[in-house]
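Participant: Sequence:
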Amino acid sequence: MPAPGASAVERQRLHIGTEADVYNAAMLVYTLVQQVGARTLLATEAATVVSELGMNIVKYAGRGNMTVSLQAAARAYVEVLAEDRGPGIADLDLALTEHYSSRGTLGLGLPGVRRMSDEFDISSRPDAGTRVRARRWLEDGPADALVRPAPDRAQLPPGAPPVAAPGGWQLGQARRPCYGETVSGDGCVLQAVPHGTVAGVLDVLGHGAEAHRLARHCERWLAANARADVVGLAEDLHAEVRGSLGLALTLAFIDAQTLSMLVTGVGNTRLFCLRAPGLCIDAQPGIVGGSNMPRLRPARLQIAPQDTLVLTTDGINERLTVHELLPLRHHGVQHIAQHVLREHGKDHDDATCMVLRCPA
38 MPAPGASAVE RQRLHIGTEA DVYNAAMLVY TLVQQVGART LLATEAATVV
88 SELGMNIVKY AGRGNMTVSL QAAARAYVEV LAEDRGPGIA DLDLALTEHY
138 SSRGTLGLGL PGVRRMSDEF DISSRPDAGT RVRARRWLED GPADALVRPA
188 PDRAQLPPGA PPVAAPGGWQ LGQARRPCYG ETVSGDGCVL QAVPHGTVAG
238 VLDVLGHGAE AHRLARHCER WLAANARADV VGLAEDLHAE VRGSLGLALT
288 LAFIDAQTLS MLVTGVGNTR LFCLRAPGLC IDAQPGIVGG SNMPRLRPAR
338 LQIAPQDTLV LTTDGINERL TVHELLPLRH HGVQHIAQHV LREHGKDHDD
388 ATCMVLRCPA
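Read in my numbering, the sequence shown has 247 at position 210, and its numbers run on one by one without any break.
Hints are computed from structural coordinates only; laboratory data are not their basis.
Where a beta carbon is used, it is the ideal one built from N, C-alpha and C, also for glycine.
Just so you know, not all the hints are guaranteed correct.
What the hints assert, rightly or not - Label-pair distances were calculated between CB atoms; the ranges are:
1) 152 to 49: 21 to 31 angstroms
2) 328 to 268: 13 to 23 angstroms
3) 379 to 280: 32 to 42 angstroms
4) 261 to 332: 18 to 28 angstroms
5) 316 to 65: 31 to 41 angstroms
6) 162 to 356: 40 to 50 angstroms
7) 48 to 232: 44 to 54 angstroms
The task is simple: from the sequences and hints, build the whole structure.
Facilitator: Dropping the structure here:
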């Protein structure tokens, strides 16, 4: 690994033939980018690019290679070159269209890679293979903590080790903006407070730039004002944003000593507790910041070590049940978050899933 002042470009060529190869490559890039002091989001997105391109090789070509290049000095960057000798892509324009997929999936792979890249080029010939190059410039400065409010599209690579959150909780997050948008009006908060932790998700009405700005404001405000009294916290946020677009919100305070939880919410956000037989807490009807803010009636429940909590905005299908989620409770938190987004996320709305696992 070059020293921070070195100008040399380090390159590693990796064989890709299995999902395990893809996972190892993604984690390698994640580690390398963090080692040069780049923000955690950049390391995450670089690993996501590797994961997307690697899985394309496995699914469509069977095997191929990746070359990862990292320059830590001058204008620092990470670059991924993915090459295979598979069947090629018949229609590149169509393959780069949002939500197109020849396999019936969400089709976010190549368009997502292009969105997360500062430089992107692709070439493909029928029966001669595909070559994709994606470069991301790395910003200077120390890595940020992943437990701060997450930027849009923020998520760890599949299979990444769990992130240590306040109070020893494990954290998984996955989100994406509405189809056709590049920013999201959803948000998350996870904040240590005296005697416990405040966690929550929020969903600003509508989508696009105005919703995005309000969601970021609400994340910052909640993190700065978080406290155990989540009912008072929600009511104060209502006063803070009164007359705005308005939002849906679920907030929970988890007492670290008693493992009791106080949950309140307004709008179409939900909290699931994945402990058999399972539990779902729906928010009350209304709009935070609107004219129909209800009188809040919080729910109280006990949780146990290793319990898993899933919080969703209304971009996740409202027909999702706790019984569908229960089989996932022994999986990693990031796996659960990405599975929920992939399998139950709506294309026509901002969608967010936040997963927390109680310390052992």
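Participant: Evaluate each hint against the coordinates.
Facilitator: Now the hints, each set against the structure:
Distance hint check: the CB atoms of residue 152 and residue 49 are about 25 angstroms apart, consistent with the given range 21 to 31 angstroms. Between residue 328 and residue 268 the beta carbons are some 19 angstroms apart, a value that agrees with the proposed interval 13 to 23 angstroms. Roughly 36 angstroms separates the CB atoms of residue 379 and residue 280, a value that falls within the hinted 32 to 42 angstroms. Our hint of 18 to 28 angstroms for residue 261 and residue 332 holds, since their Cβ atoms are close to 25 angstroms apart.
At roughly 39 angstroms, the beta carbons of residue 316 and residue 65 sit within the given window of 31 to 41 angstroms. At roughly 43 angstroms, the beta carbons of residue 162 and residue 356 sit within the given window of 40 to 50 angstroms. One distance hint, 44 to 54 angstroms for the beta-carbon pair residue 48 and residue 232, holds here, with the actual separation near 50 angstroms.
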